[in-house]
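Asks: Residues per chain are reported as follows:
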Amino acid sequence: MKKDLKIRLLEVFSPIFAFIIAVLLSSLIILAINKNPIEVFYTMFKFSFRRIDSIAIILYNATPLIFSGLAVSIGFRVGLFNIGVEGQYLIGAFCAALVGFAIKGLPSFIHLPLVILSAILGGMLWAIIPIYLKVKKGVHEVISTIMLNYISLSLIHYFIADLFLDRNQKVVLGLGSTLIRMPKIMPSALMPKMHGFLSLFGINLPNHVYLNWFFPIAIILSCVIYYVIWYTPFGYELRAVGFNPIASKVAGINPNSLYIKGFLLSGAVAGLVGLSDLLGYFGYMDLDFPKGYGFTGIAVALMGKNNPFGIILAAILFGFLNRGAEGIQTFLGVPMDTVVILQALVILSVVVVSEVMIRYIRYLDKKGAKI
Amino acid sequence: MEKIIKLTNITKKFPGLVANDNINLEIEKGEIHAIVGENGAGKSTLMKILSGLYQPDSGEIYIKGKKVIIRNPRHAIKLGIGMVHQHFMLVSRFTILDNIILGSEKSKAGLIDYELAEKEVTDLLKRYNFELDIHEEVGSLSVGQQQRVEILKVLYRGADILVLDEPTAVLAPQEVKELFINLRKLKEQGKTILFISHKLDEVLEIADTITVLRKGRLIKTLKRNEVKDKSELAELMVGRPVILKYSKEDIKRGKPLIEVKELIVKNESDRRVLNGVSFSVYAGEIYGIAGIEGNGQKELVDSLMGLLSKESGEILLNNVDIKNLNVNEIKRIGVGFISEDRHKEGLVLPMTVWENSVLGYHRDREFGLWYRLNVNRIIEHCDNIIKNFDVRLSSMFIPIKGLSGGNQQKIILGRELIRNPKIIIASQPTRGLDIGASEFVHQLLIKARDEGCAILLISADLEEILALSDRIGVIYNGEIVAEFESKEATPDEIGYYMTGGKRKVEV
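For the record, the sequence lines run as chains A and B.
Position one of the first sequence corresponds to residue 1 (this note's numbering), numbered consecutively onward.
Position one of the second sequence corresponds to residue 1 (this note's numbering), numbered consecutively onward.
Because the hints were derived from the structure by calculation, they are not lab data.
One thing to keep in mind: the hints can contain errors.
Computed, partial: chain B to chain A, Cβ under 7 Å [as the list claims (entries may be wrong)]:
#1 Leu325
#2 Asn328
#3 Ser339
#4 Tyr371
#5 Leu373
If you anchor each label on the Cβ, the simulated ranges turn out as follows [as the list claims (entries may be wrong)]:
#6 A:Arg362 - B:Gln174: 40 to 48 Å
#7 A:Leu153 - B:Phe94: 43 to 51 Å
#8 B:Asn267 - A:Arg362: 33 to 41 Å
#9 A:Lys6 - B:Asp133: 51 to 59 Å
#10 B:Lys245 - A:Tyr363: 41 to 49 Å
Glycine included, every Cβ here is placed at the ideal spot set by N, Cα and C.
With the rest of the complex left out, here is chain B (with noise of 0.2 Å):
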């Protein structure tokens, strides 16, 4: 089969750290190619250089069998190379139809042709069976919707290799289905598809040929064929076995310490976000929220952490009412809290790792008195911290945006488990850490149930909801729609729920 795209030897350097190490690939006209790798392993290095954001520092570059210079993404795209980012670029009051030709409108007499642009577009609908009305606003389309509308901008502009990076981190199990049919659909007419990700399932189920990658070296393509099953991927990523399932002790459910009654809460624009949310969470379990991100999520944890007024409904945590506590009174009856986004809300970026260490603990008589911090006990404290967490650092005296993702969590975790708290709190723990620190931040909320914590776990990754819960809410709307037991659950269940299908009766 012609090759499409054949990189050889491609090196790109950054200072300090080899993106790219001397990568060969081949791609053949019309597969689903998946590119998989942790964090870091130089996938979107690699992409960056096919779309023509990056030059690479040695190597070559064929399309279609000729040697080619990929000078900017504009150019890349005439070379028929048209990315799908992960964090769509689209106009969100404009039309389908104005965000599709925005940027190559075709003009009559100095006008947009709005004519002709209609007819392109409704017949690239029809070719690849994509269902949308292109007079609808890009604002009041589902995520799934959003996604289609950035394959069909690459399309229009007439691409026959589409990057898709990360394609389905944003979107619900059947919202990926639909995009896999989608896929196929394409490749059926003759595209090439390079597909990047790293949830493994997914690859395992659309490609038909897997490059792993690690470190910034290509490890091995294999065919689908060739590959047994997913942990046999996961080693090839990791360098290392990696345990996919954990191993929990039995439950010991106890008394109940999260208990959440009717809970409303109304945004800024006195729309309920929360409408009614109730569910116990009990000593010794891990309970998880599964659900699209911003069904009501965010509010439900601040309105747990005290960092948001409620309507109405009842907060228990550990027996106390939390209605006039702050977030330091909730911290101080045992909840340990792990916000969703560590560089917004966990961290203070350009402090040292020693001062991140105790924040929101500063006060605490321990570490000082109000007019002094005890520096000593505190930096004994972050050791202790380092220690206990594995975390991996050159000193805790340089500001902590110097660390890695991975490392900058366990410190965050480390804060807020180190106390043993007896309710954690979890939102998005493992967003954006590779396997090996997700593993660990998982274990940890493991032994932490088993010494009988009550955790709470909000994640978008259902994934990671089915390897750890015990139970499962699902959350839409602001309402938890159905509740499982964690045995009972399938990912189509699910997944059915978190997309707003009907409230399960109660059982």
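Chain A with its partners taken away, still in its complex shape (with noise of 0.2 Å):
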């Protein structure tokens, strides 16, 4: 029993070890441009910490990485590893503008959820490609994904630049010039602020604030998830297949149907990535569109241990560096680019801190396994 809590504690450490590891290692980054390390993560911890707004955006930035996290984490449940997060909530995304903009008069209460619904089924859409190559033909998911991402990028590109065009806009005479965009999404599909429901509380947050209701649904979600993966049969067929495929088809699990499910399902959750972006933020798609979130999702997936409550943790990490390095750059002069270095740290050193920690963990098994 003693040693189960042990190992429990090092599961649940090894990302702090790891950030820790990924905090020295960018300090050597920092020095090495003539900066104060300490000076750069104070200002950052100030700079994030000090308001209540900052802590929104942090939470805003941190929407889309809960769902492109949990996206990954329900592929590699099943033992797939969905790297086609990226196209998958961009063609979502592409979806949602569309129906946004396209269908006029309804009800917000309707075209929302049939916004939200349509980006799900985009994400799936482009989820069902790599698992059916997988399934019927034996092509690895890995190569599919990467290769439909690419796809995926070109295809919005030719969607937002010429198809859907927003041909109509109106610029005022000698000022600017029209964006590369989609026309712009009707009101009633978009996604509220919590501003209101916050002040309630007695919140204030000013307007250049957008976090939105997406927020509350990641966190949602994650608890739906966290409750599908360990208790229900489908969610206990998927981690079985994800670590014996062999033994789950003696067991009359049949593997295939549960790598379809699994894959579609991760699909649909990374169809939900780019809402929070498009429906909270900018009301149009445009060439410009956030990208991205689909990477970073595989290091939150890592570095939460594909526990759901873990990618919110890691997605909320995610948010803040993002923040602090607005902070650093305006405050210290300090490029924003070495909160991407110590980004890439921190992946690095959770995947290789993890693989010496289950190194570990398995000689603690063993070892107890002898007893």
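Assembly of the complex is requested from the two constituent chains, each provided in isolation within its own frame, with the hints serving as guidance.
Replies: In structure tokens:
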């Protein structure tokens, strides 16, 4: 029993060890550009946590990463490596944008859910291809999803810049130019901010904060996924197939069916990744729509140990890093890229530390087994 | 006589366990010295110390009277100690000659001196009476022949002490005989042989001296003629009297519950791996399938469980044609299934014990509905298995990989047998288990038989087949080539058919 506790603790603390290592390593880099690492990290913290609106921005930053981390983790659970969250969320966001501007005159309580549903279906659509290829033709999902990421990117560029380009933009003469974007999404499909709700509790957020209801949706979804994975027969089968497809097959679970269901679920969640930005901030989809959440999601899932609650924490950490980056750039003149390096180091050290931990735990296990 | 190996006070500790506890062992030159013990008794650790894979924590090793520290396997072979592994380390696409010289090739002008190698290896073959064509590819050899190549490999490297780790585990009875002839020949030539085994009959047949290990300690070293019989040795090994013959009730044969008719199964490359197999198993009997592994046993079991589609033929389980049924549906008509490889097929090792206790039955109504597993009920169920099947564990909430092999197997048995199946298909049910756990498994199967269950037992262990079965079918090359009433069967005769002797005329 004592040994189990030790293993548990190691598992919980390994991401924290990893983070500390990453901080130490990036201190060296900060030193190399002639800045004081302590000052840099202090500024990051101070800038991020001194004001309530800054915390809200962190949570807003974390929202897409929670969805993305969850999507990746569902793939991991069933033993599949969904690198394609990136492409899936772009397609999902595009579908949402399309349904958001093309359908007019619906009340918000129908239109918004419809838009969210289209995003889910878009993500799933983009997940069908790799999982079909995997199950029927034996194509490894890593290869096909990477390729599909490129295809999706080019495809939405084509849609945005050509097929669905908003050609009716009014530009005040002599001021700026038109944006390369799709038509604006109807107000009935936009996600409201949380400002009104939070002001009930005396928390007043300024207007430049875009924290919206997708954040609580992400938290609720995490809880739902946690329940599904650990307390339903479906989640049981997902995990069984993920760990040992042969034993699952012998036990009457069809691994292929679980691969399909798991991957589509992963794609469905991936479809939600871009919505907080799309429906809570931009209100339209343009060429500069944020990219890279899918890849960061892999890091979030790794760091969160595929545990939905771990993923929330990891996503918030990454949200904080992004927020802190703005702070050190503004106040210390340290380039934001330093934080990109820090993020990369976090990812690397999480991988290395968890590998070391796994070996150590395996060693402890062996020790235990023989007693 | 000269002591070729002397170990004094050898202790090797692993965290939390003493694998070798103060072992004192002397081995005489030119003897066949058997080391017996259950799994985990410390046999392998001791041999790994001798072959340089492990360093002892304390104690001394003397080889040919000189104190040595064996740094690594290469050093061991320099000292004359050659290890013949249980799992062969051969390159199947290479010829015998290539395999033998691999790693110690002698070269001439930068090229391998094949002329010299061929001469040396041929001499070696002559000297020890090995009959092999050295230009044949290793992949096309039988298991017994491959083992001879392994032995030749260490001889070529100049070993005069051969360590054989469970050499008979993979061999048919005839091949065991041939191996023993080779070993005796080697002994005549002055080689010393360390023979690790837990098959007591074989040990008694071949060994001059027997050392018994138990839980890391050396219990006793005896001369062959000091040992009365097998049970004495088994008792030393286990530390208590052991049942070697099971008492079974007289057979009350009922209706046929497993009927296999003209079953033909092809593999991916369109070869018939089962070629017209027919047999029946009746309620109240154990039908054993004897055979060397890879002769279609796995395909037979998979077909019976609906995991493999057949070319033609018919399978009736409990009078139900299973043609269109999957493994779930087959289990629901009262079939309990113990698969051959518990780690690969029977369990999901990283999942907890309680989760594994319902693997395959987790969709049953009693364990929950589609949206909710009834965890409390499953835990209760698991507790039941633990109590009824004597599973020893610290907690059911740990991953099942933390349990010993015997306890893992008990969980599987419990999972499959607690539902009182009418049919049990048990494939290699005691593989890798120690004597105590094997005994437990055997008694469970016999109890099920006495209660009227039809049991199909597939095992590579002929002793197990003979001890449990009422009838025995011998499988060779995808066919049942002979069928015996167990009382009439002798190991020799079964072995004859196992290795491809002619088909027995229908009786």
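Asks: Take the hints in turn and mark each one as holding or not.
Replies: Do the hints match the structure? See the list:
1. Of the supplied interface hints, the one on leucine 325 of chain B is violated, with its beta-carbon coming no nearer than about 11 Å to a beta-carbon of chain A, more than 7 Å.
2. Annotation: interface hint on asparagine 328 of chain B holds; nearest CB of chain A at approximately 4 Å, less than 7 Å.
3. Taken as an interface hint, serine 339 of chain B checks out: its beta carbon lies about 6 Å from the nearest beta carbon of chain A, inside 7 Å.
4. Taking 7 Å as the C-beta cut-off, the interface hint given for tyrosine 371 of chain B holds, the closest approach to chain A being about 6 Å.
5. Hint on leucine 373 of chain B holds. Least Cβ distance to chain A is approximately 6 Å, under the 7 Å limit.
6. Checked against the given bound of 40 to 48 Å, the beta carbons of arginine 362 of chain A and glutamine 174 of chain B, roughly 41 Å apart, stay inside it.
7. At roughly 49 Å, the beta carbons of leucine 153 of chain A and phenylalanine 94 of chain B sit within the given window of 43 to 51 Å.
8. One distance hint, 33 to 41 Å for the beta-carbon pair asparagine 267 of chain B and arginine 362 of chain A, holds here, with the actual separation near 35 Å.
9. Separation of lysine 6 of chain A from aspartate 133 of chain B is about 57 Å and conforms to the stated range, judged on CB atoms against 51 to 59 Å.
10. Take lysine 245 of chain B and tyrosine 363 of chain A: their Cβ atoms lie about 42 Å apart, and the range 41 to 49 Å holds.
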